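There are 2 protein chains.
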Amino acid sequence: MERLSLELRSQAGILEERRLRKTRTHAKCFTSFNCSLFSQWEAKASYQIATPSNVDSSNFLRLEPSKINGSNSAMPNWNIARSNYNSVLDSFEDEYGGIVINADRLPQDPNTFACALPVSLSYWKRIGKKGVWLKLPLELSDLVPVAVKKGFKYHHAEEAYVMLTYWLPEGPCLLPANASHQVGVGGFVLNDQNQVLVVQEKYCDSAFSGAWKLPTGFIQESEEIFSGAVREVQEETGIDTEFVEVIAFRHAHHLAFEKSDLFFICMLRPLSQEIKIDETEIQAAKWMPFSEFVEQPLIQDDSMFKKIMEICIQRLRKNYCGLTAHPVISKFDGRWSSLYYNVGTNSQDSNCHVS
Amino acid sequence: MERLSLELRSQAGILEERRLRKTRTHAKCFTSFNCSLFSQWEAKASYQIATPSNVDSSNFLRLEPSKINGSNSAMPNWNIARSNYNSVLDSFEDEYGGIVINADRLPQDPNTFACALPVSLSYWKRIGKKGVWLKLPLELSDLVPVAVKKGFKYHHAEEAYVMLTYWLPEGPCLLPANASHQVGVGGFVLNDQNQVLVVQEKYCDSAFSGAWKLPTGFIQESEEIFSGAVREVQEETGIDTEFVEVIAFRHAHHLAFEKSDLFFICMLRPLSQEIKIDETEIQAAKWMPFSEFVEQPLIQDDSMFKKIMEICIQRLRKNYCGLTAHPVISKFDGRWSSLYYNVGTNSQDSNCHVS
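Chains as they are written, first to last, in the UniProt record's numbering: chain A, 1 to 355; chain B, 1 to 355.
Just so you know, not all the hints are guaranteed correct.
Stated by the list, open to error - Beyond 12 Å from chain A on every Cβ pair, some chain B residues (computed): (1) P118; (2) V119; (3) E139; (4) H155; (5) H156; (6) E170; (7) Q195; (8) K202; (9) Q273; (10) W287; (11) K307; (12) C321.
What the hints assert, rightly or not - For each label pair, taking beta carbons as the anchor points, the in silico distance ranges come out as: (13) W336/A with G210/B: 24 to 34 Å; (14) F208/A with A284/B: 30 to 40 Å; (15) S209/B with W336/A: 41 to 51 Å; (16) W167/B with A207/A: 22 to 32 Å; (17) S272/A with G238/B: 49 to 59 Å; (18) S209/B with I275/A: 35 to 45 Å; (19) S209/B with R317/A: 45 to 55 Å; (20) D205/B with I275/A: 44 to 54 Å; (21) W167/B with I275/A: 27 to 37 Å; (22) W167/B with R335/A: 32 to 42 Å.
Bear in mind the hints are in silico, worked out from the structure with no lab data behind them.
Being a predicted model, the structure only gives us computed values, none of them experimental.
Every residue gets a Cβ at the ideal spot worked out from N, C-alpha and C, and that includes glycine.
Using the sequences and the hints given, assemble the complete structure.
This is how it looks when you write it as structure tokens:
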């Protein structure tokens, strides 16, 4: 029966399941190297058992297996069983008690969905399931208020979908949290005339207008810190650079959308000299004598910026080692990632020499 | 007139505006120290001008100012003007061309909202606005499909609301992105018998079952890396510790919810010895001889874990300096944040001595 269910599942559904399975496996094994936190996400297989099409011809609803309703016959009497069966939304089961509703098999009609959802929740609760994941693409936004009225809450959203969740058991919800951080980078670029690359931003609080600062920005989706810093400097100033080290990072909270922020100060080596600014964001850019840059009130009157500049000075004197980026591969997922560490003084590839 | 508008605005609306103003200011000035990226978020004031209640008595709709419709009279003729006016949703304007729809003044009725939204969008487009932000709390989920049908897309969501956006101008959307990262921590805890604190997780891929690993987990909302590592170790093993250093960090992509992941390996000093595991997540925990720990195939056969352990060994020999956490305050927002940097060898508070 389970085999039949797999065969009946649409190709799109299978692909989605594979994608989910892949994503969850990565999540499970790699995110913070913690196997349990994302355990809900390991999609195994649908526990739904397909039934003959004359019992339920919709392509999104599945009937509860007869054993759930107390029948132990290998081949239930469909005509009798029918009135006892309830329609349950097609879903994938995860091995730790979660349910992932199959987004490809959802009813389009809000009324049908409104009927199927409480039946499904009741069934999943009865069989001891925990978290329920419901991903609604933009084109199924009509189902959002239905899900909310049945007790679903928002979990996260991307441009094309919103993810909702429902926690079935009594007690606190143990589902993993949404993404919590923005990641920004700043580029410290010094040329061989001891001039630092600085910008004036177009849109800045009047209290800081006229101040010259390092080029900064957010890294893009799936972008590396080292390449994000190089890109931001290139976009804002037109200067090509190569990444040297992460000098320090700052962790702050309750910023945009109440999220936290990690900001990495990166030392970059200039590969070109001619400035060409991005006029949408930047008012002006220039090479500024380093001593003049640090003497600005923006730096001198601010303990954080002052400290960052002290670190940069120590680095320039080779009394400080930052973190270099090293590609690593782990058997956990077989893919490359970046490990940032201080190469120390004994290493061949050391950028600094602490004495 | 603007004064009148401010006075008419509900207390809740004013508080919301203040909250937005505060959040946006922080976002603008601090998130990655980039003033322009979040510039859309600087709520200044509603540009809507209140009109006498006999013209429009609803508490969520505002009329376009007469000058928009070509009347230059200081006191428009309301009876004549009325038929020319269109209802526009109450909103805050930001100084860089964005509109933040006032969530406290939204119509409850989807049909009313469906009428007001296109009128509002048309008006905002006509006056040259760019991004439109629409925050819909759970209780207004009925409005989600209405907004989506008018062209809004999801931006992000938290448990109690979903944020939608609409980009008015021609050309690519320039609104800032959603949070992009999860942040995890791992605790390397060594006692004075050269034993490392290790755990076996309850839910782990069978390929890694039986392996002893460092305690790991995600940091919580607005939690510090240094306190998150201490908390995770305490929760999983019952061992109290104090933070010493971030030894290294790993950056990986396309993990849970397709987000990226930053994982910080933290050295912690044990303050207690007696293990008491968290039975929901952890199968077992123990103090394991360090040499035995690193000899495990999980470490020896994996270039990433092997490298991390090599760094820890260098650190134990004081040939490596990690990053310590330092509270800093910046005039940019007047609040404390944490700056992580290598204290170097010349510092009084150095944890390591590179020679």
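Against the structure, test the hints numbered earlier, and report the numbers of the ones violated in rising order.
3, 4, 5, 8, 11, 12, 14, 15, 18
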